[in-house]
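Asks: The lines below spell out each chain.
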Amino acid sequence: MSRTPPEMLQGTVDLLVLRALAWEPMHGYGVSRWLEARSDGVLVVDGAALYQALHRLERRKWVASSWGVSENNRRAKFYRLGRTGAAQLRESTAVWHDYAHAVARVLAPR
Amino acid sequence: MKGPLSFKFPWRSRRQIAAEIEAELAFHLAMRTSELEGRGMTPDAAAAQARTEFGDVEFTRAYCRTQDEAGERSMRWSDRLEGVWYDVRHAVRSLRRTPAFTGIAIFTITLVLGANTAVFSAARAVLLRPLPYGHPDALVAVQIKSVAGYFVGTEGLSPPDYQDYRAQQHSFTDIAAYNGDNSATATWLPTHGDPEVIRTALVTGNMFTVLGATPRAGRALIPGDAAAGAPDVAVVSSPFFDRALGGDPARLGESLIIDGRPTRIVGVMRPEFTLGHHADIWLPLDLSGDLADPGRTRKQHWLNVVGRLRPGTTIDGASRDLSLIGARLAAAYPDADSNHYATPVPLRTWMVGSVGSGLTLLQGSALLVLLIACANLANLTLSRALDRRRDVAVRAALGSGRGRLIRQLLFESILVAVVGGILGIALAYAATRWLLAINANFLPGPYPVAVDGTALAFCAALALGTGFLSGLAPALTVARLDLQQTLREGGRGSSGGRVVERARRALVVAQIALAATLLIGAGLLVRSFRALDAVQLGFAPDHVLTARFSVGGTRYDTAAVVNRFYDQVIGELARTPGVVAVGASDALPTQGSSGSSMRIEGQVNDEANLPNMAYLAIRGDYFQALRVPLLAGRLFTVNDNDSAAAKVAVINEAALHKYFPNGAIGKRIHIGPTATGPAITIVGIIADVHGEGASYPVLPTLFTYHRQQTWESSLSIAIRTRGDPLALTPALRRAVRDADPRVAIHDIATLETVVRESLASRRFALALVTSFAALALVLATVGIYGVLAYLVAGRRREFGVRLALGATRRSVVTLVLRQGLIWTAIGLALGLAGAAAERKLLTTSLYGVSADDPMTWIGVAVVLFAVVTAACLIPAIRATRVDPVVAMRAD
Numbered sequence: 001m002s003r004t005p006p007e008m009l010q011g012t013v014d015l016l017v018l019r020a021l022a023w024e025p026m027h028g029y030g031v032s033r034w035l036e037a038r039s040d041g042v043l044v045v046d047g048a049a050l051y052q053a054l055h056r057l058e059r060r061k062w063v064a065s066s067w068g069v070s071e072n073n074r075r076a077k078f079y080r081l082g083r084t085g086a087a088q089l090r091e092s093t094a095v096w097h098d099y100a101h102a103v104a105r106v107l108a109p110r
Numbered sequence: 001m002k003g004p005l006s007f008k009f010p011w012r013s014r015r016q017i018a019a020e021i022e023a024e025l026a027f028h029l030a031m032r033t034s035e036l037e038g039r040g041m042t043p044d045a046a047a048a049q050a051r052t053e054f055g056d057v058e059f060t061r062a063y064c065r066t067q068d069e070a071g072e073r074s075m076r077w078s079d080r081l082e083g084v085w086y087d088v089r090h091a092v093r094s095l096r097r098t099p100a101f102t103g104i105a106i107f108t109i110t111l112v113l114g115a116n117t118a119v120f121s122a123a124r125a126v127l128l129r130p131l132p133y134g135h136p137d138a139l140v141a142v143q144i145k146s147v148a149g150y151f152v153g154t155e156g157l158s159p160p161d162y163q164d165y166r167a168q169q170h171s172f173t174d175i176a177a178y179n180g181d182n183s184a185t186a187t188w189l190p191t192h193g194d195p196e197v198i199r200t201a202l203v204t205g206n207m208f209t210v211l212g213a214t215p216r217a218g219r220a221l222i223p224g225d226a227a228a229g230a231p232d233v234a235v236v237s238s239p240f241f242d243r244a245l246g247g248d249p250a251r252l253g254e255s256l257i258i259d260g261r262p263t264r265i266v267g268v269m270r271p272e273f274t275l276g277h278h279a280d281i282w283l284p285l286d287l288s289g290d291l292a293d294p295g296r297t298r299k300q301h302w303l304n305v306v307g308r309l310r311p312g313t314t315i316d317g318a319s320r321d322l323s324l325i326g327a328r329l330a331a332a333y334p335d336a337d338s339n340h341y342a343t344p345v346p347l348r349t350w351m352v353g354s355v356g357s358g359l360t361l362l363q364g365s366a367l368l369v370l371l372i373a374c375a376n377l378a379n380l381t382l383s384r385a386l387d388r389r390r391d392v393a394v395r396a397a398l399g400s401g402r403g404r405l406i407r408q409l410l411f412e413s414i415l416v417a418v419v420g421g422i423l424g425i426a427l428a429y430a431a432t433r434w435l436l437a438i439n440a441n442f443l444p445g446p447y448p449v450a451v452d453g454t455a456l457a458f459c460a461a462l463a464l465g466t467g468f469l470s471g472l473a474p475a476l477t478v479a480r481l482d483l484q485q486t487l488r489e490g491g492r493g494s495s496g497g498r499v500v501e502r503a504r505r506a507l508v509v510a511q512i513a514l515a516a517t518l519l520i521g522a523g524l525l526v527r528s529f530r531a532l533d534a535v536q537l538g539f540a541p542d543h544v545l546t547a548r549f550s551v552g553g554t555r556y557d558t559a560a561v562v563n564r565f566y567d568q569v570i571g572e573l574a575r576t577p578g579v580v581a582v583g584a585s586d587a588l589p590t591q592g593s594s595g596s597s598m599r600i601e602g603q604v605n606d607e608a609n610l611p612n613m614a615y616l617a618i619r620g621d622y623f624q625a626l627r628v629p630l631l632a633g634r635l636f637t638v639n640d641n642d643s644a645a646a647k648v649a650v651i652n653e654a655a656l657h658k659y660f661p662n663g664a665i666g667k668r669i670h671i672g673p674t675a676t677g678p679a680i681t682i683v684g685i686i687a688d689v690h691g692e693g694a695s696y697p698v699l700p701t702l703f704t705y706h707r708q709q710t711w712e713s714s715l716s717i718a719i720r721t722r723g724d725p726l727a728l729t730p731a732l733r734r735a736v737r738d739a740d741p742r743v744a745i746h747d748i749a750t751l752e753t754v755v756r757e758s759l760a761s762r763r764f765a766l767a768l769v770t771s772f773a774a775l776a777l778v779l780a781t782v783g784i785y786g787v788l789a790y791l792v793a794g795r796r797r798e799f800g801v802r803l804a805l806g807a808t809r810r811s812v813v814t815l816v817l818r819q820g821l822i823w824t825a826i827g828l829a830l831g832l833a834g835a836a837a838e839r840k841l842l843t844t845s846l847y848g849v850s851a852d853d854p855m856t857w858i859g860v861a862v863v864l865f866a867v868v869t870a871a872c873l874i875p876a877i878r879a880t881r882v883d884p885v886v887a888m889r890a891d
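First to last, the sequence lines map onto chains W and C.
Using this note's numbering, read the first sequence as starting at 1 and increasing by one per residue.
Using this note's numbering, read the second sequence as starting at 1 and increasing by one per residue.
Simulated from the structure, these hints should not be mistaken for lab results.
In this text, a Cβ means the ideal position worked out from N, Cα and C, and glycines have one as well.
Just to be clear, a hint being listed does not mean it is correct.
Quick look at which bits of chain C chain W covers, simulated, 3 or more residues with Cβ under 8 Å [as the list claims (entries may be wrong)]:
#, region
1, 30 to 41
2, 291 to 305
Residues of chain C clear of chain W, computed beta-carbon distances all greater than 10 Å [unchecked claim]:
#, residue
3, Ala23
4, Leu189
5, Thr191
6, Val813
7, Asp852
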């Protein structure tokens with residue numbers, strides 16, 4: 001069971017959560033499952049970091065929440081991407097790509 | 001799986017937030033646990049594993065709560081703002097649907113707030129702004145209070161008294177004296193152009209130090225400036241400095257020709273500096289001549305005295321100090337100083353005088369009108385709110401909170417008041433500008449009347465208050481209505497139930513009461529004014545042209561020169577076609593006089609109470625010009641020359657009755673308390689004239705012959721004409737120019753204008769108070785009409801039934817009328833109580849009528865009932881026109 005790398009930046013978790021919700025509205029557990037599946041089990045965000053990110057994003061009005069019913073018929077809190085959140089996602093994704101390319105170029109063997 | 005995401009949750013409490021986070025985290029752990037169990041773990045192991053994976057639950061819980069609570073707070077605020085914005089738009093929409101109501105309401109508030117703000121900006125300038133001196137709270141005016149004798153009341157100090165009080169007092173750091181008011185003038189001869197009359201005051205050298213007033217440039221006057229042989233110097237006001245010396249500081253120190261003497265201008269005072277009246281120039285006051293002859297001058301009370309209290313001394317302490325000195329002086333000089341003593345008065349109280357109580361009266365009246373307008377608007381708003389009852393009930397049923405309903409109704413009132421307030425400020429600004437433009441001297445001194453920040457704040461506060469006052473009662477009333485009942489009735493109920501009825505009645509009664517209070521005040525002022533106007537002044541003011549000459553300075557220092565000037569002017573005018581008679585006097589009727597004590601030969605005189613008469617010098621055919629009849633003896637003739645043996649005088653009837661029980665003609669008198677002056681023979685008796693103005697009694701008066709007594713060289717001329725007196729102005733100017741082109745003429749006016757001017761400030765206040773009262777009456781009448789009309793409309797069915805059952809039209813009219821008249825009666829009773837309260841404010845402004853004059857009260861009652869009856873008749877007659885069939889079908 002691999003843990004979230006400690007140096008994983010707070011902004012990165014936020015970005016990943018926004019990306020997950022851009023797929024479709026889902027509850028917190030759904031976000032963690034989706035991220036894990038999408039990254040083939042590489043990115044495992046722990047619950048503490050995930051829920052802190054969700055409430056932080058909601059406070060910024062980047063995501064909105066409402067209570068609904070989960071696939072196994074339990075009451076769950078669902079999150080969806082807001083309009084400002086979507087804009088933020090686009091911007092951060094571009095920044096992240098530039099950053100990742102730069103890091104990759106630096107690390108590449110000559 | 002999508003939730004209803006657009007739905008808005010109601011606001012969450014802290015406990016709800018905590019519970020939701022708990023549930024959310026529990027859901028996550030439960031999901032993970034069951035997933036792990038599915039992979040074959042035991043339940044306990046799975047739960048433990050899920051927890052470990054999750055990380056710090058405790059911290060996450062706290063972190064999420066902080067985030068959610070902060071988010072909740074900001075959401076509440078934005079919800080609130082959105083609510084307010086919604087209410088504003090709603091108010092605008094609903095006001096636009098009823099343009100008549102909105103227009104009337106805004107118009108009323110504009111008028112009333114404009115009046116209040118304009119009066120406030122004047123009242124503040126006079127009553128609230130700090131006086132333009134250093135530490136003004138320590139300054140007092142010192143006045144002589146006479147408790148018995150020739151004159152009862154307060155007056156200035158005489159020069160010897162001033163000197164004695166100044167030397168003996170212990171309460172002041174110093175006291176200083178000045179002489180001057182709005183009628184004190186001097187002549188300024190500009191380098192180019194005609195001589196000009198300027199306003200002046202004479203001040204002792206220590207005056208500016210006592211006041212703590214520093215000049216804008218140059219120096220103030222100092223004690224040495226009045227010394228014998230000192231060069232002539234003066235200090236000028238800022239506006240006069242601009243006019244005479246171009247406002248150029250480099251020209252300070254130049255000389256101007258004042259009263260024929262080159263006078264060096266050594267300083268310019270700040271624009272706000274004033275001694276309570278308008279003045280262009282302040283000259284040193286030389287008292288040495290008066291102090292050299294205290295026997296003659298101790299009774300001449302012409303000095304205004306200002307003192308600065310020593311630190312730690314109270315005004316009461318100063319009062320005791322001064323009355324001790326007063327007792328000492330009375331013992332030393334029983335003739336001059338009996339029955340009176342000096343007393344300190346706060347400087348502002350003394351300076352603003354009757355203008356202060358006038359402004360307070362005006363502000364009070366304006367605020368009363370505002371209250372009436374509030375009551376009126378409250379009633380109109382109530383009617384509107386009732387019309388929309390169904391709308392309101394539906395919204396309440398749909399979950400619009402009661403608080404929100406109240407807020408919406410309040411918002412409409414406040415919106416109307418705010419718009420009215422903004423327009424009101426514009427009106428006040430225009431009104432004060434206009435007032436200053438038509439008469440810059442409508443206040444007794446250069447007080448800075450301005451619609452400034454403070455006036456703005458005052459108006460804003462009044463506007464908000466008006467909005468709340470006129471909106472709160474209707475809002476609360478409507479909110480208390482049984483809304484379900486309303487819905488069942490279909491919003492057509494009769495008139496909104498008992499609550500509303502009571503509110504409406506109270507508002508109408510309050511309006512009538514306030515209007516009655518104002519009407520009584522205005523009625524008393526009108527009656528005072530008419531009493532004054534009806535006073536027989538004792539002369540005929542029609543067809544008389546008057547003017548004043550400034551004759552003085554070194555060129556006029558002998559009687560011969562003065563006599564030559566007046567003989568030539570009066571002679572030339574008398575020969576002019578259209579002139580009936582020409583004469584001159586040192587003061588025109590209604591402009592006052594000075595007084596002097598005297599001794600009558602052959603009578604035993606009470607030394608503490610010598611005969612005392614007002615004292616005027618006249619020449620030419622003065623009494624013929626004024627049409628004052630000679631009752632006995634003769635008037636002055638050219639044969640009365642200026643040799644000491646031939647000095648003659650005329651007295652009035654009041655003097656005859658008071659001092660000459662055995663006849664006056666041929667009696668000889670001596671002016672002054674000692675018998676050393678030359679004897680004057682009384683040669684004639686003329687009828688009484690109200691010399692001090694209509695509101696003062698006729699004083700015993702002595703008229704000396706100016707030809708023999710020229711110490712006052714500036715006279716007023718009176719010319720009786722056959723035609724329009726003003727048509728003689730060119731002839732008058734020519735006559736003066738022929739005699740001496742350097743003499744200034746001023747105050748050219750008909751005698752009728754002079755008389756009217758003496759009542760001008762009274763007339764102005766009267767006009768304002770009367771318009772306020774009229775406005776109050778109109779508002780109250782509209783109010784009572786509106787309520788009755790609404791009542792009749794709501795009870796149409798009842799009236800229809802009554803008429804159908806055989807009620808006469810008269811009985812229906814009586815029914816409606818009685819309602820209105822009962823309200824009026826209650827309001828009137830309350831209004832009379834209110835008038836009793838305003839009595840203290842009024843008494844100083846009344847003449848010849850007591851504050852509880854029954855005629856006024858009855859008159860107000862009659863007017864009020866007449867107007868209200870007329871207003872009630874319209875809805876009452878409408879009630880009789882109800883067609884029973886239609887009225888009943890309508891429901």
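Asks: Report the numbers of all earlier hints that the structure fails to satisfy, in ascending order.
Replies: Checked against the structure, the hints that fail are numbers 2 and 3, while the rest are satisfied.
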